[in-house]
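Participant: Sequence:
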Amino acid sequence: MADFEPPKEDYGHPDSAIRLASCVHRFRVPKMNPNRNVSFARAFKTMGSHPKTRKIMIKAGQERQKLNNAVTSDKVSHERVVADAKRYQPLISQILLTCKVQPELAQLDERLIFEWN
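Using our numbering, read the sequence shown as starting at 16 and increasing by one per residue.
To be clear, the hints were calculated from the coordinates, so they are not data collected in a lab. Where hints are given, some of them may not hold.
To be verified - Cross-link-like lysine-lysine pairs, in silico, DSBU-like; alpha carbons within 35 angstroms at most:
1) Lys115 x Lys60
2) Lys70 x Lys115
3) Lys46 x Lys74
4) Lys115 x Lys74
5) Lys23 x Lys60
6) Lys90 x Lys115
7) Lys46 x Lys23
8) Lys115 x Lys46
9) Lys70 x Lys46
10) Lys23 x Lys67
11) Lys115 x Lys23
12) Lys70 x Lys60
13) Lys81 x Lys101
Said to hold, decoys possible - Okay, the calculated beta carbon distance ranges per label pair:
14) Ala98 x Ala121: 26 to 32 angstroms
15) Ile128 x Val91: 33 to 39 angstroms
16) Arg43 x Pro105: 24 to 30 angstroms
Glycine residues also receive a C-beta, built at the ideal position from the N, C-alpha and C atoms.
Produce the entire structure from the sequences given, and follow the hints as far as they go.
Facilitator: What follows is the structure in structure tokens.
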């Protein structure tokens, strides 16, 4: 007969409380560090020279800049920030997946440092 293990108690916040707090308490939109000029195309210049890979790197940089413009505009539109983030996120995921599947492509020519405040 197997040993019985009682279920572990979950002391975390219930999802409903998190949703309520998110709706009631709006958080400010984080800003990208203006002193960092992140460029995927420059960072992966040597290893990301394949035309399709290079195109993704350039597109990711463009979408990152659009997202930065959205979060730093005088009047922040949350709809615009979300839309730009939704366009940017799949490109980042694709870059990370490429690095995971082909680790030899993960060699950088330039440091990539992401900072939000």
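Participant: Determine for every hint whether it applies to the structure shown.
Facilitator: Going through the hints against the structure:
Using a Cα cut-off of 35 angstroms, the hinted pair lysine 115 and lysine 60 holds, with the two alpha carbons roughly 18 angstroms apart. A C-alpha spacing of about 19 angstroms is found between lysine 70 and lysine 115, which places the hinted pair at or below 35 angstroms, so the restraint holds. For the hint pairing lysine 46 with lysine 74, the CA-to-CA distance comes to about 20 angstroms; that is within 35 angstroms, so the pair holds. Between lysine 115 and lysine 74, the direct Cα distance comes to roughly 20 angstroms. Compliance with the 35 angstroms bound is thereby established for this hinted pair.
Between the alpha carbons of lysine 23 and lysine 60 the distance comes to roughly 49 angstroms, so the proposed pair goes past 35 angstroms and is violated. Taking the CA atoms of lysine 90 and lysine 115, the gap is near 38 angstroms; set against the 35 angstroms cutoff, the hint is violated. Proximity of lysine 46 to lysine 23 is assessed by CA-CA distance (about 39 angstroms); at most 35 angstroms being required, the pair is judged violated. Annotation: proposed proximity of lysine 115 to lysine 46 holds, straight-line Cα distance about 28 angstroms (limit 35 angstroms).
For a cut-off of 35 angstroms, the pair hint linking lysine 70 to lysine 46 stands: about 26 angstroms separates their Cα positions. Distance check on the hinted pair: lysine 23 and lysine 67 sit about 48 angstroms apart at the alpha-carbon level, beyond 35 angstroms; violated. Between lysine 115 and lysine 23, the direct Cα distance comes to roughly 34 angstroms. Compliance with the 35 angstroms bound is thereby established for this hinted pair. Between lysine 70 and lysine 60 the alpha-carbon distance is near 12 angstroms, which keeps this suggested pair within the 35 angstroms criterion.
Between the alpha carbons of lysine 81 and lysine 101 the distance comes to roughly 11 angstroms, so the proposed pair stays at or under 35 angstroms and holds. Checked against the hint of 26 to 32 angstroms, the pair alanine 98 and alanine 121 passes, with Cβ atoms roughly 29 angstroms apart. For the pair isoleucine 128 and valine 91, the supplied restraint of 33 to 39 angstroms is violated, since their beta-carbon distance comes to about 24 angstroms. About 25 angstroms separates the C-beta atoms of arginine 43 and proline 105, a value consistent with the hinted range of 24 to 30 angstroms.
Against the hints set out earlier in the document, violations occur for numbers 5, 6, 7, 10, 15.
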